[in-house]
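Enquirer: Sequence:
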Amino acid sequence: MKRKSLTTGLLILLMLVSAGCGQKSQAAPPVNDQVSAPSVTSGNQEKETPSTSQLGTNVAAASPSESSDQPENSANKLTISSYYTDNDMMELKEEHKEITFSNEQDKYTEVFKTLKDSGTDKLFALWQKVELKSAALKDGELTIDIHLPDEARLGAGGESLAIEALKRAFFQFDEVKSIELLVDGSKVDTLMGHDELEHPMTRS
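Numbering (mature numbering (1 follows the signal peptide of the UniProt record, and there is no 0)), first residue to last: -27 to -1, 1 to 177.
If you're looking for bench data, these hints aren't it; they were derived computationally from the structure. There's no promise every hint is true.
As the list claims (entries may be wrong) - List time: in silico DSSO-like cross-link candidates among lysine-lysine, alpha-carbon distance up to 30 angstroms:
id, residue 1, residue 2
1, Lys106, Lys50
2, Lys160, Lys89
3, Lys160, Lys140
To be verified - Estimated spans, in silico, between C-beta atoms of each pair:
id, residue 1, residue 2, range
4, Asp147, Ser107, 20 to 30 angstroms
5, Glu169, Thr73, 31 to 41 angstroms
6, Glu153, Lys86, 17 to 27 angstroms
7, Thr163, Ser47, 38 to 48 angstroms
8, Phe146, Lys89, 17 to 27 angstroms
9, Ser47, Gly113, 22 to 32 angstroms
10, Glu114, Asn49, 18 to 28 angstroms
C-beta: ideal position from N, C-alpha, C; glycine also.
Whenever a hint applies, use it, and build me the whole structure from the sequences.
Expert: Here it is as structure tokens:
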């Protein structure tokens, strides 16, 4: 009986031990089931955010230059007196003309142009067929170089009026002290073959 009881006790003990080991095996999860999640990296996180200073530099570089080129010479306007004669060439007639020029040297060229065109049929321009080659002021002397075609030549009365019109037109400027009139770069004794030409012409 004792032997049977001992055997029965050992069987019960073995059953208990086996039951305990089975519970522990079920509680522990298999190693293969433990998979770590992949690391997720955002594409936005990989890009560097430009600094404020960089943004400012880029904006400044993209902006057009605010400075604009100023014209070197601004146009000047001036109302002057120019001189013509009537169709009978009896006397000079004064007319007011407006000229536009960029510098002082151009001013004299524009004055001469007014002598070539009266702007009306009632007045005759004594210098209309004369070609101006140059006009330059230096040390108070205005040198005017012209080309005189045959069709520009006038009679004795017309020649005198033409020279007087030229003198009045340019001597209205205080800086002009004398006028040297050249024909094709040379001094001539007479402009149109009638009156003696003074070199230089001075204020009367």
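Enquirer: Taking the hints in turn, state whether each one holds.
Expert: Against the structure, the hints come out as follows:
1. In summary, the hint linking Lys106 to Lys50 is supported, as the alpha carbons are separated by about 23 angstroms, within the 30 angstroms threshold.
2. Taking the CA atoms of Lys160 and Lys89, the gap is near 22 angstroms; set against the 30 angstroms cutoff, the hint holds.
3. The straight-line distance between the Cα atoms of Lys160 and Lys140 is roughly 17 angstroms, inside the 30 angstroms bound, and the hint therefore holds.
4. Between Asp147 and Ser107 the beta carbon distance is about 22 angstroms. The supplied range of 20 to 30 angstroms therefore holds.
5. In this structure the supplied range 31 to 41 angstroms holds for Glu169 paired with Thr73, their Cβ-Cβ distance being about 36 angstroms.
6. A hinted range of 17 to 27 angstroms holds for the C-beta pair Glu153 and Lys86, which are about 19 angstroms apart.
7. Evaluation of the 38 to 48 angstroms hint for Thr163 and Ser47 yields a pass: the beta carbon distance comes to about 42 angstroms.
8. A hinted range of 17 to 27 angstroms for the beta carbons of Phe146 and Lys89 is consistent with their spacing of about 18 angstroms.
9. The hinted range of 22 to 32 angstroms is satisfied by Ser47 and Gly113, whose Cβ atoms lie roughly 26 angstroms apart.
10. Glu114 and Asn49 have their C-beta atoms about 22 angstroms apart, which keeps the hinted 18 to 28 angstroms range intact.
Hint compliance for this structure: no hint is broken.
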